[in-house]
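Student: Single-letter residue listing:
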Amino acid sequence: MTNGEFFIDYSRCIGCEACVQACGECDTHRGVSMIHLETIERRDSVQTAPQICMHCEDPICAQVCPADAIKKTPDGVVQSSLKPRCIGCSNCVMSCPFGVPKYQIDIDQMMKCDMCYDRTSVGKKPMCATVCPSGALTFTTMQDIQRTRQGVPVNEWRFGVEIVRTKVYVMVPKEVTRVDVDLVQIATTAAALPPDPYDVALMLES
Amino acid sequence: MAKLSADIPKLVEHFGPSLSRIPAGGWADTREDDKLVKTHCCFCGQQCGIQLRVRENKIIGFEPWEDFPFNRGKLCPKGVKRYMQDEHPDRLKSPLQRVQDKGFVPVGWDAALDRVVSEIRRIQETYGKDSFAILTGASLTNEKAYLMGKFARVALQTANIDYNGRLCMVSAGTASKKVFGIDRSGNPWSDIVAADVILVAGANIAECAPITTDYIWRARDRGAKLIVIDPRMTPIARNADLYIPVRPGGDIGVFNGMLHVMIKRGWIDQDYISKHTIGFEEVARTVEKYTPEYAARIAGVPASMIVRAAELFGPAKTSFVMHARGIEHHSKGVENCIAMMSLALATGRLGREGCGYAMITGQGNGQGGREQGQKCDQLPGNRKIDDPEARRYIAGVWDVPESSIPGKGLSAVPLMEAIHSGKIKGLISICFNPVVSLPDANFTREALGKLEFYTAIDFFLSETAQHADIVLAGSLMEEDEGTTTNVEGRVIRHRKVVSPPEGAWEDWKILLELARRLGKGNKFDYAGPREIFDELRVASKGSVSDYYGMTWDRIDENNGLFWPCPSLDHPGTPRLYEDGKFGHPDGKAHFIPVEWRPSVEMPDEEYPIILTTGRVVSHFLSGTQTRRIGALVDQTSEPFCEMHPQLATKLGIADCDFVKVESRRGHVVVHAKVVKTIRPDTVFVPYHWPHDRSANNMTIRALDPQSEIPEFKICAVRVMKAERPIDPIAKLEVQAGGIR
Amino acid sequence: MNADVSQFAKAKGSDTVRATTWGLLATAALIGGIFIGSRGMRDFDPALVSYAGATLFAAFGLGYRFSMWLRRPPTRLYWYRGWQLFLTPGSFWKNLGHLFEIFLSNFVLQRFIERRSHMRWTAHWFLAWGCLMAGAITFPLSFGWIHFETGRSSQDIYRAFLFGIPVGQFPVHSVIAELAFNALDIAAVMVLIGVFSALWRRGRDHGAMAVQQFANDLMPLILLFAICVTGLFLTASTHLMNGLHYTFLSQLHAITVIITLVYLPFGKFFHVFQRPAQLGVDFYKRAGREGEQAVCIRCELPYGSRMQMDDLKRVQEALHIHYQLLDGTHYQDVCPKCRRRNLALMQDNMWKSTRIESERS
Ligand code: HEM
Ligand code: SF4
Ligand code: SF4
Ligand code: SF4
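Chains as they are written, first to last, in this note's numbering: chain A, 1 to 206; chain B, 1 to 740; chain C, 1 to 361.
Wrong hints could be hidden among the right ones.
Below 25 Å or equal to it, Euclidean Cα-Cα: the simulated SDA-like pairs (lysine to any residue) are [said to hold, decoys possible]:
#1 K352(C) / R147(A)
#2 K71(A) / E162(A)
#3 K337(C) / V295(C)
#4 K129(B) / S421(B)
#5 K83(A) / R120(C)
#6 K83(A) / K129(B)
#7 K225(B) / V152(A)
Since the hints were made in silico from the structure, they are not lab data.
My request is simple: use the sequences and hints to build the entire structure.
Tutor: As structure tokens, this is what we get:
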């Protein structure tokens, strides 16, 4: 494993889906793409965002798995379900705070991002982070990210009262030390002040 | 003769587009690769480095090439899945001959070439040399582009050769030549990162030049400000510090208005202007009346935006100015570019680190393709065909009498009009799918029907090749070798990754064989592309785009070389205009005043809405290649009509409804996409699809008088709710022009 | 009923004590079974005592591990729900029919593996059925539950006894006899086919190679290979080499089997016991599909079964996962898609607010 770390910066994403296409080229699940790419609310905005597995320190997906089918490697990568064990119950799909695992109906099993274990375990970068043209997904050293980016990498999250620590970092403005997750809608984000900056018609009126 | 030989569904059944979804050998085949070949993506002017995986002469996958400096392993979805165009079931594997009502039947190479040659002879003898035309493309390698130009002038001796770069880079090129004296982006992309403010106009960078996003975001991490001018809020505009939703065709309002404010507030570099430029006074006089309020009326945006743009751009220490088709595809495309260039020039922010100007090329070899002499008015080395000295020099290189080189021919659209009016009777095309890509597609279809003989060189049966009498099975980019020149002016090498399938030939071989049969074999005596390149080097020697000092080996060693590179020990020229030296004979840049004028077809009562066209990230140009790759078709499978909710409400249209978009020339039926990210007076339809889904059914055959680029970005349409179409074309697969 | 379920998600008492108890119970039950089944050890073959001993150990291990596993809140809940749904009054017969279906397709034919790849299916079907066949013969033999005697009247007749009761007889030189005595060899060959197919796949598939671990993925295949090869050598020694090295070979074979039995409860083989115990998930999923759907509180679209979301809340509580949001809603009621969108919006919003602020100042 290289000393690289994975950094996500949702806000940079341009929705090109290179990550989605490249994910399906990774040998551990070639032909099936594991990454999620969300269009947030196309009517209102062109915002899109990727979601890979965050590789939690104490993965909730694994805790709620009745078959004990989700394991972490010594280097902290949470693997796809163990095939002889997974019974396709979707507990993990429904419990992961980041909405990561995918239930594959054709094989009745869960599959998820394993950070391109075939690549990262031999010192290569994961597929998505190699191709991503916007740097929304980046795999590099901590020094490099601190040198080149505004903001700071953070890997602590709060969902309700649940604190989750992840191997993957998210880029946030300097003063932030933890991402406290509350429910937001696009219309209620600060980005929508002054009212709805994404509405071209309103921009023209001002 | 070139009417369709069978109805479209029947042709589609045999020749596709069908979708390739699984790599050769299948997903699960995990045998070791035979080799990994470093080459470049063929799907846009950025020409990203990529490695292709090969087993048993088949391309089976890709691997990022992180050491290539331009893209450092980054790719867009087209690059990732480009390998799926190989081993494609639609691949043409022998020449084809049309049989009326049956479609096409395979024929041998000898028979096919003989037929082509005898038709060329017959038509040229009957109607004159210029009655046989050639249409080529800007996705050809430099070597092939050079060969096509020479083939036209030496083997066919026709004046009428033009290329699809006419639909792409000519406005930018013309403007750049006029203002700076050189037709090339001024800076390597690394300069973008060092800029304090970046001004982007008419460029959907996220979708059409995705890798450039990385450079812009890196600049923003340094604190750079981003200004985006576009009628649609594109993905990069979402994060811009200032987004100006300009009215299509109103760009000059923004540029002249900004310059007006900058002059008023003293944000121009008088010293630079007087030392390195001429003509500023006249420009200053012209923009005098472009007060923010006046400019805002032209641009169709609040005046405050124009002031804000000037405030961000004017006082910056370093800046980078970029544009693309959005301001170029206009009947005033050249003027739009000139107005934007004035902003860079007036601040003196050119030719330094972090200070520059760039036009974003669209096609694979958008830059190189326009330098090697396949334009109707050009000889190799960006030389003018009516310049006596240039003619003498090239005649010497080609070893032909100067007088035998024809003069200026017709550019793409007039050429198609000449076919329509019967002046041109025969056509060879390569790397061009005008039925989908030229404006006013119904006119193009009609024109093709009037040809006496048409032969297309292609690897898939494109919608235009469907009209051919003879189709010659050519080669894909990765089946041949050569060089291209990327968006930065960096000449790079495409390696031969696999050989063409049995029965298909490398394009250059086809041309050599045609030349031989036309009795000009001695002028086309090359063992391969490397020898063509060596002749190209000589032909470009001493010109603006001087390749003389480049060899394939040097290009390999340096990960590409930037032109001009006049001698073998020259390092190449990544950055132009250093120390204020420009390409004009006087060494100065030339300010040119431009006034806004209306577009050719403005909206009116009958057709009240502006249509603008463009691309999506998962497709390339006319889609001949990308509409055959399953993963890319899944990503965007059909065209759509983007419209603002205000407009949709007025028209009684809901998201996903079928809508008919109609101009005076034609229409499409597509799904509505109701989004707040577009101006309420404008709708957008992407153009990669054929037949009843072709945005160019509506666009207008109006040209910029200087560059002769068509006005793709603005025409008048009306939009109405429609029923689900149920005709045979609508029932085709989506990639073939159907609709779901 | 739901109160019951909450109870079930949380197991009481010390895990190890309980698990040890279950392990011991399993061992005791097996000892009892052996004693009774071999008619007070009369039919017990002392030569096979080491096999029986290792099996007792395995029984302890399996009992222990099974109990430990069932004490995990999610497993426990599923186990309980599985039985609850299966035994629902009124649909018992329907359920039994469904169980038979699942048994046939998942266990006998193993269709679900075939959908992954044919190679995997081939490997697994031969592995599984080879092992099951071998087990069906060897365990009862080593427990003294079945034994053979030559006929009293004729040396050419074999008589088979199950729990001391004669169940049949057949001539020594008959097809049945050949099959009976070579059944283990046939099983061994089946297992070997499976082992080689599995190894072939694991040696070529770059993806599998990247994630496989020696102890978890290769060890089981090596063990099975060792058992089969030493077993086949035994046959070869008897029939082809006049008993050459027979004693040594039989000791070697015993060692391989004993190691495997000891490994049984811990490694990959545990799934042989785990999977059948989880057939209940099928009933759970079906009940989920047919029952009330959970509706996402953010996008207001259905995204899964209400029962599963409620059960997950219980499991999470038992696991000390606290998804209650500050505004009183529960994160479990947000669909996975909205979770992803919400995160991106949150983060983008942070940047936007910072930029707006820095612009103001
Ligand atoms: C109830 C019956 C069984 C079920 C449902 C089951 C299920 C599975 C599954 C799902 C896998 C993963 C297959 C894959 O890699 O795609 C697997 C692997 C395996 N199973 Fe089973 N199994 C069963 C019985 C057995 C039996 C009786 C054995 C023999 C001891 C066995 C031995 C193995 C082995 C060795 C592997 C690993 C194969 C490899 O390396 O790829 N299984 N089993
Ligand atoms: S992000 Fe989700 S899937 Fe990944 S380790 Fe954490 S809980 Fe598991
Ligand atoms: S789907 Fe598989 S991995 Fe996920 S919780 Fe259920 S058994 Fe575990
Ligand atoms: S590759 Fe990067 S920019 Fe493109 S969709 Fe994925 S995350 Fe977004």
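Student: Work down the list of hints and note, for each, if the structure agrees.
Tutor: Taking the hints in turn, this is what the structure says about them:
no.	hint	verdict
1	K352(C) / R147(A)	22 Å, holds
2	K71(A) / E162(A)	21 Å, holds
3	K337(C) / V295(C)	12 Å, holds
4	K129(B) / S421(B)	17 Å, holds
5	K83(A) / R120(C)	11 Å, holds
6	K83(A) / K129(B)	70 Å, violated
7	K225(B) / V152(A)	20 Å, holds
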